[in-house]
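Counted the way this note's numbering counts, the sequence shown spans residues 1 to 606.
One should not assume that every hint holds.
To be verified - Calculated lysine-lysine pairs in the DSBU-like style (CA-CA distance at most 35 Å, straight line): (1) 40 <-> 518; (2) 518 <-> 37; (3) 238 <-> 37; (4) 238 <-> 518; (5) 40 <-> 274.
Honestly, the hints are just simulated from the structure, not real lab data.
None of these values were measured; they are calculated from a predicted model.
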Amino acid sequence: MAAFAAQVVRGRWFMAYGSFLIMSAAGATYIFAIYSKDIKSTLGYTQEQLNTVGFFKDVGANVGIHAGLVAELAPPWLVLAIGAAMNLGGYLMLYLSVTGRAGHRTPPLWLVCLYIAVGANSQAFANTGALVTCVKNFPESRGVMLGLLKGFVGLSGAIFTQLYLAFYGPGGGDTRPLILLVGWLPAAVSVAFLATIRIIRAPRPPAAARREYRAFCAFLYVSLALAAYLLVAIVLQKRFRFTRAEYAVSAAVVFLMLLLPLGIVLREEAALFKSNVTNAPAEAQAQAPATPALPAATKQPPAAPVPPPATTAGQRLLLSLRPPPRGEDYTILQALVSVDMLLLFTATVFGVGGTLTAIDNMGQIGESLGYPQRSVATFVSLISIWNYLGRVTAGFASEALLSRHRIPRPLLVAGVLLLTVPGHLLIAFGVPGSLYAASVLVGFCFGAAYPMILAIISELFGLRYYSTLYNVGNVASPVGSYILNVRVAGRMYDREAARQGAVVVPGKASGGVTCVGKRCYRESFLVVAAVTVAAAAVALALAWRTRAFYAGDIYARFKEGATGTGASGNRVRVGEDEDASAAAAAESVSKEQAKVDARDARDTSS
């Protein structure tokens with residue numbers, strides 16, 4: 001039992017379970033809309049100032065290149081520890097500011113923006129420390145793993161809401177304790193798994209590889225059950241008035257469902273432990289030498305031709321930028337200047353940026369089209385649940401289509417982006433009742449695009465610098481959101497509101513205005529639909545460029561046999577050179593011994 005317990009704690013499956021829990025607590029930025037009204041009211045902010053706080057929250061959550069650079073030099077536990085400290089420090093100071101305990105009654109706007117940016121930036125460290133490590137530990141199932149991990153992030157907002165209601169109760173609408181919960185809970189989860197999240201270099205037996213996909217399917221079923229329960233709980237809590245005890249029961253159910261994947265971990269590790277115990281005597285006998293070892297004679301491999309040295313700095317720079325074959329480990333600079341990365345980044349900016357524009361404006365879209373406030377809340381819940389379903393569906397479906405039919409993942413990204421176009425058109429033309437369908441399409445496609453884009457980065461550019469390149473991909477979405485949301489949708493909305501004469505809406509802050517009617521977002525979402533089609537065309541161009549790469553076995557370098565993979569994803573020979581050297585040494589010794597025997601025979605006869 002002690003040996004089995006040690007194997008469980010040190011195994012890849014428990015590491016994956018710890019990553020799932022970290023991701024389920026890493027989506028605090030998705031519930032900003034719940035507590036933002038208390039930031040605005042207690043600090044006396046205008047709507048413009050609150051939007052500024054929200055912008056810095058988005059910047060902190062998505063800009064994580066520095067987290068990737070830290071991960072290139074430091075172990076995962078240090079990356080997670082930095083993220084935990086930033087999460088606790090940033091949100092705790094925000095909570096103290098909102099409750100008036102930070103030493104000054106009304107902190108300046110720049111300081112509040114700094115607090116929330118630091119707290120939200122911890123999400124980048126959690127993603128880099130846990131998600132990137134999982135991809136390196138499960139390189140042949142990276143699409144499935146990314147879908148599951150991103151799916152748990154999508155559910156984290158609903159999980160936080162249930163826990164907040166259980167810990168603090170409805171509270172008469174006071175959501176400031178939620179900021180405190182967001183501060184300590186993700187930090188505590190990360191600290192609890194500091195020793196668990198790490199690169200595991202042990203090779204996988206073939207039996208474990210065959211069981212891997214079934215285990216991921218079991219994780220998927222648990223997460224689907226959790227998503228279904230959260231959806232039912234949200235609907236019932238909006239329809240009926242719950243007591244604090246009933247909220248506590250609901251949170252307890254969520255907690256128990258988060259423990260269910262631990263049973264899958266124990267099942268997989270038990271099968272692996274049994275296999276190791278059964279095969280240990282046979283492996284020891286097979287590895288025992290049949291004859292005494294011969295003296296090891298070293299045989300130097302033939303020297304590779306040395307290219308002529310670069311005589312100028314420009315030539316050296318060009319040589320350093322020359323990319324390796326797709327799938328090999330690119331350097332960060334080689335990946336950033338490659339055409340493949342340019343195409344992928346462009347498709348993400350204008351494709352995913354369009355879906356973010358719809359998600360960020362869903363409240364005002366519903367308001368302008370005359371939907372009641374309860375329906376607007378339903379839209380947000382639909383986007384959250386379908387965002388999760390899109391992530392897990394894309395992860396599993398793209399992996400199956402790639403492994404069985406060699407369908408390039410960029411082609412699937414193009415299809416998902418085209419699927420968002422009807423959702424954007426439904427918003428643009430304001431068809432009555434169509435916003436429900438639009439929220440489902442937008443939420444599903446936003447969730448489906450991200451795991452595939454992150455998997456493409458790991459497949460084309462290798463895993464050695466994936467910690468940094470993963471965060472480069474994340475930067476694309478806020479860039480697209482700024483272009484399409486702030487510069488396009490925001491300006492066109494204000495222009496139409498000014499044309500209507502700035503209709504004042506009861507219940508809004510002083511000076512708040514709104515636009516009413518279908519024209520408020522018609523032009524902007526026609527633009528969003530057009531650029532989404534263009535982004536799909538760019539993704540198709542990437543699929544055409546990489547068709548030969550995806551037609552082969554892109555995971556061949558990670559499979560057992562001729563080659564293996566190290567912790568960083570670099571190719572490593574498994575015994576071939578050593579075997580060749582030993583055989584050559586044995587042959588050389590045999591020839592020398594034959595010459596000696598022949599010479600002795602001649603001397604004896606003479």
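Broken hints, by number: 5
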